[in-house]
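**Q** Fit chains B, C and D to the known structure of chain A by using the hints.
Chain by chain, the residues run as shown.
4 protein chains.
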Amino acid sequence: MEIKAGIIGATGYAGAELVRILLMHKCVKIVAISSVSFEGKKLSEIYPSYKSLCDMECKNADEVVEKSDVIFAALPHGLSQELGAKCDTEGKAFIDLGADFRLKDEDEYTEWYGGKFIDEELHKKSVYGLPELFRDNIKGKRIIANPGCYTTGAPLALAPAVVNGLIEMNGIIIDSKSGVTGAGRKPSQANHYPELNEGFHAYKVANHRHTPEIEQTLSKLSGQKVTITFVPHLLPVNRGILSTCYARLKEGVTKEQIRSAYEEFYKDEFFIRLLPDGANADIHNIKYSNFCDISLHIDSRTNTLVAISAIDNMVKGAAGQAVQNMNIIFGLDEKTGLVLVPPAF
Amino acid sequence: MEIKAGIIGATGYAGAELVRILLMHKCVKIVAISSVSFEGKKLSEIYPSYKSLCDMECKNADEVVEKSDVIFAALPHGLSQELGAKCDTEGKAFIDLGADFRLKDEDEYTEWYGGKFIDEELHKKSVYGLPELFRDNIKGKRIIANPGCYTTGAPLALAPAVVNGLIEMNGIIIDSKSGVTGAGRKPSQANHYPELNEGFHAYKVANHRHTPEIEQTLSKLSGQKVTITFVPHLLPVNRGILSTCYARLKEGVTKEQIRSAYEEFYKDEFFIRLLPDGANADIHNIKYSNFCDISLHIDSRTNTLVAISAIDNMVKGAAGQAVQNMNIIFGLDEKTGLVLVPPAF
Amino acid sequence: MEIKAGIIGATGYAGAELVRILLMHKCVKIVAISSVSFEGKKLSEIYPSYKSLCDMECKNADEVVEKSDVIFAALPHGLSQELGAKCDTEGKAFIDLGADFRLKDEDEYTEWYGGKFIDEELHKKSVYGLPELFRDNIKGKRIIANPGCYTTGAPLALAPAVVNGLIEMNGIIIDSKSGVTGAGRKPSQANHYPELNEGFHAYKVANHRHTPEIEQTLSKLSGQKVTITFVPHLLPVNRGILSTCYARLKEGVTKEQIRSAYEEFYKDEFFIRLLPDGANADIHNIKYSNFCDISLHIDSRTNTLVAISAIDNMVKGAAGQAVQNMNIIFGLDEKTGLVLVPPAF
Amino acid sequence: MEIKAGIIGATGYAGAELVRILLMHKCVKIVAISSVSFEGKKLSEIYPSYKSLCDMECKNADEVVEKSDVIFAALPHGLSQELGAKCDTEGKAFIDLGADFRLKDEDEYTEWYGGKFIDEELHKKSVYGLPELFRDNIKGKRIIANPGCYTTGAPLALAPAVVNGLIEMNGIIIDSKSGVTGAGRKPSQANHYPELNEGFHAYKVANHRHTPEIEQTLSKLSGQKVTITFVPHLLPVNRGILSTCYARLKEGVTKEQIRSAYEEFYKDEFFIRLLPDGANADIHNIKYSNFCDISLHIDSRTNTLVAISAIDNMVKGAAGQAVQNMNIIFGLDEKTGLVLVPPAF
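Protein chains in written order, with the working numbering: chain A, 381 to 725; chain B, 381 to 725; chain C, 381 to 725; chain D, 381 to 725.
Hints were generated in silico from the structure; no laboratory data involved. Hints are supplied without guarantee of correctness; some may be wrong.
Copies of the same chain look alike in the list, so a pair counts if it works inside one copy or between any two.
Stated by the list, open to error - Below are the BS3-like pairs computed for lysine-lysine, each with C-alpha atoms no more than 25 Å apart in a straight line:
1) Lys406 / Lys521
2) Lys635 / Lys409
3) Lys406 / Lys439
4) Lys630 / Lys605
5) Lys384 / Lys406
6) Lys647 / Lys421
7) Lys421 / Lys605
8) Lys421 / Lys484
9) Lys496 / Lys447
10) Lys584 / Lys566
11) Lys422 / Lys447
This one's a predicted model, so the numbers in the text were calculated from it and none came from an experiment.
Only chain A is shown next, with the shape it has when bound in the complex:
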């Protein structure tokens, strides 16, 4: 099989990472890429690391849609709904790395993003593409809302405990730390090298847009309305998100129950690596790969579960998961093109 893939917004970080991954995918050919800022330029002029590997020229979005079987869009929110409609009409698969289709509740979308649902039917056709949690819903769909970065790692750390009813659903705290690529390619004072290097701080404390998306997932898994406290931080590294998740254990729940719930839940998931007792999830070990490493810790003095996940924000938290979704909807083995070995250093 050769899938013709197109990337809209290829010069942003998520778009560029899609290029890296798709270049190594044996069933995919990148047929067109676009960029508003760099139309007419070669991708390898923007990213010299791709020289001789992807010297393709950036075109406009229409050309990408026309030529492709599957369209990946890595755009600022608000720009994907129209594009999704177009792909839908033309019978093409649309995998959206932006936020437009992620929240199912329009009011929440309006509250957090300030926009409206243009076409409610389209939103109903779309599916939230977190395969390890919602794989069955994804099959057969053509409009995929690819989850955000924080919204992948944190729910995966908590899901088995939630689904099995082992933790209290109120009072959950998610303390996440992300590498700088999460903030995008555009230079800013905050991410200017000398001001970020050797620094570390929280940002958007308790008001980051990924909050309702994490809550939506946890609510769906638990069958009740969940509200969390979510605090993201900026790490002076390029890639990776570590999410330290805190939840009170329900009365009587043991360490062993927790572990066996996780082992059972993830036993067939190639991309989830449940670490042995005593190990600590580390972003160092999953960089450049689609893995999500999870370590489990019980604070028996306070009866608290501390579940920690590590993902590459650009792979499992963006481009890799998008390709995983593509594999699902095109009927390929989910691992195809995604057995990316995380370097040892």
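**A** What follows is chains B, C and D alone, placed relative to chain A:
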């Protein structure tokens, strides 16, 4: 006034940082330093950055005690009790950067450190030297238990809320992130450059030795027995600790009450910088200084206080605070030698 | 084709990188690995990034030789001669990432490494495996001396100018800067995170062991005895070597002649990317790949060629080149398994 | 004595570093600061590290000149001549951290900077402020051209060999590596964290504007017209410049002659630390200080001197040296306020 200062364990990181600070202190003269590993070597051979500033030779501990008015000890735990006794006998001030005198409860000391109190009277004479919280107790004392790094930043972030009874004392979560110098000077696989660089992970999850020390402080401030969940992480930076502290607000407590409690509590504290609303404490801004920056955030969706503190683990979290304690017990202005300007980059 | 590959010294950095690359090579199966320090342990216990990808146990060297068609050895110098002899006797291919077979002159080997040639015939059977310069010699050989890291990047930067007689062969200066993985996996004070981070220095100035190896290559290319000044430096990054090479242009040589000589020389070389005028080779653009990027600069005020190359010290400077050599001697397309996309960030 | 100091361009990196240093200088009071971009804002809003230490508001340049005894200007080139004239007229000392007064030859200024000398007399009144080399000229002057960063470290590494006629003055190569603060505070794609981190490259190869300034100094010291090859590189660290300088030894010059020439030349220079044989200058050891560390190496195989200097580009390479110049012209001990201890980590 010229205080004759000696440093035992001068070649470890905390000892070396004491040298840096004391060299710039106008009322202090370093008269002797010691090191078990490097006896007979010049300090500037170990740390070439000190060349021509401190070319003093490392002697043994006895010589340091003999020559000094104040002895700073930066030793592994278990080695300070005897030394403290000796200083006490000879009428010298003893400031211990190790853990031996920090915990007041011998059982806790035994549980977490595996040791015993050699001389209970000596422990009673000692005081826990966190000036912003316990200044009045420090004056007039000669044996100071200098707090650990995590145990300085986290309590300072929570103290005003605790003292004023604004938060629930159960369910407190402290998620801390420390620079690598906290792990000391000794090379290890974990802190070998290529394995730490571009990585990030938690360690000693819910079982770090600083846990009972933080609890001791919060218990003292609140008047009740407090148990916390404490998770430290290792940041790929040299210096700094950011502690993100989570506590449920008591019913009806407002954002304004929180802020005014903090403003009042710290209004005369030079080393505490309470940041304006909207700002985020950042280790970038306190490096190489004795400041503790604090930012306050309220998650009104879950009624949670998120108080974040940033300190330099080697200064306010070790050597700087030790000098602050020295200033107090010698009757100097507490800021003397400690108005260290944190570099802008 | 399925080549059975074994790695001796798999737990060092070069060995671990070989694992990463061979895992993605479609014609290779890793059949055995060994490690003196970790015999009996799983590789993924040493390098958790390989969990579920290479959970193979470390055996001893004999077992590796026995099971493999090709043996890669990543050992300290002095240990490969005997191993090479054994592989030769058993008719197996031997690719040595150590230094034992690199220098053709025994006196030089003795001077710089302090050892002797055990079996001169074996050394004659061996070939220096820098494919872009000596490809024809490599074909048909079974004992390959894989070049060192500095000794790959610097000669590639200069080769076209040397071969075409465009530069003076005396007075060549090579100023190289290497990432820390070049110093190996063993923790040391110098490479302890806080002492290396935010630092930069030269080391082994004008007496690094790679000096005679670079000279050997340049001498072979130029047909005359070449002596160079070589100064390596340690960069606070994990990977990559940038070599800034200075040589006086011969009288009358123009910028255009230089460029066209390089274009011609490297026109069929996939792994050499000659950058356009105005661009600067950057280790950022070749990390994790087998590329060698080269930028050319002429200082017309002093008539000096400044040729700069960037390679990943662990890939083109070690494991990647070893696999490239394997591809050659097994008759595979040289790029097989080596079209590794350098990430954009 | 209390010197009233003003800083024009206080929000750039050099200006901000001047604030840091002057705040710790016991004979100086900062009376006014200015910034075109941030007029009306507090400095501590731009640099939160200065909160409670310098909450002064940015004014305009006129106000600074009016209130100050000494005016430091850290401005883009072309803006200092007029300002210098004004200070001269008003009898105030003017220390220019920009390039306008550095080159004595107007043609060179025009060639490299594209500007003209507005008032030749003013240029004659000015002096090039590199104290270790030209101290006697500086005394009594009121217009100081503070050297650039590269142009401080490289000449200091070579001066004793030049002055004593120990090296050939043609063929000198200076390979420098600078921290990122040298590129200024303004965000750019090149210095966006993820694109610089883990990268390393040369820039402005053989055409950097500091070339004629280094040549001017070496020419003055040697009494002949010197042309050099200068290649700067960008290091992924905040601060520091390491310059590796290569020069052929004159016939018969010995290692001992070199060392004794350096020892003699710098024997009374507090800020120059000549390292012992075997040591390597490292930017790690001079950060945040006004020191220039120099290590000497002889390549006896090629008869080449390799002299390596390490300075903090923002201190000895900018703000620290400016204060050193101020101390000289105000008759203070040159070290006043500049015994800044470089941290051990």
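**Q** Hints first: check each against the structure and report whether it holds.
**A** Evaluated hints:
no.: 1; hint: Lys406 / Lys521; verdict: within (22 Å within a copy, 32 Å between copies)
no.: 2; hint: Lys635 / Lys409; verdict: neither (47 Å within a copy, 39 Å between copies)
no.: 3; hint: Lys406 / Lys439; verdict: within (24 Å within a copy, 34 Å between copies)
no.: 4; hint: Lys630 / Lys605; verdict: both (17 Å within a copy, 23 Å between copies)
no.: 5; hint: Lys384 / Lys406; verdict: both (12 Å within a copy, 23 Å between copies)
no.: 6; hint: Lys647 / Lys421; verdict: between (45 Å within a copy, 24 Å between copies)
no.: 7; hint: Lys421 / Lys605; verdict: neither (47 Å within a copy, 45 Å between copies)
no.: 8; hint: Lys421 / Lys484; verdict: neither (37 Å within a copy, 44 Å between copies)
no.: 9; hint: Lys496 / Lys447; verdict: neither (29 Å within a copy, 57 Å between copies)
no.: 10; hint: Lys584 / Lys566; verdict: both (18 Å within a copy, 24 Å between copies)
no.: 11; hint: Lys422 / Lys447; verdict: within (18 Å within a copy, 47 Å between copies)
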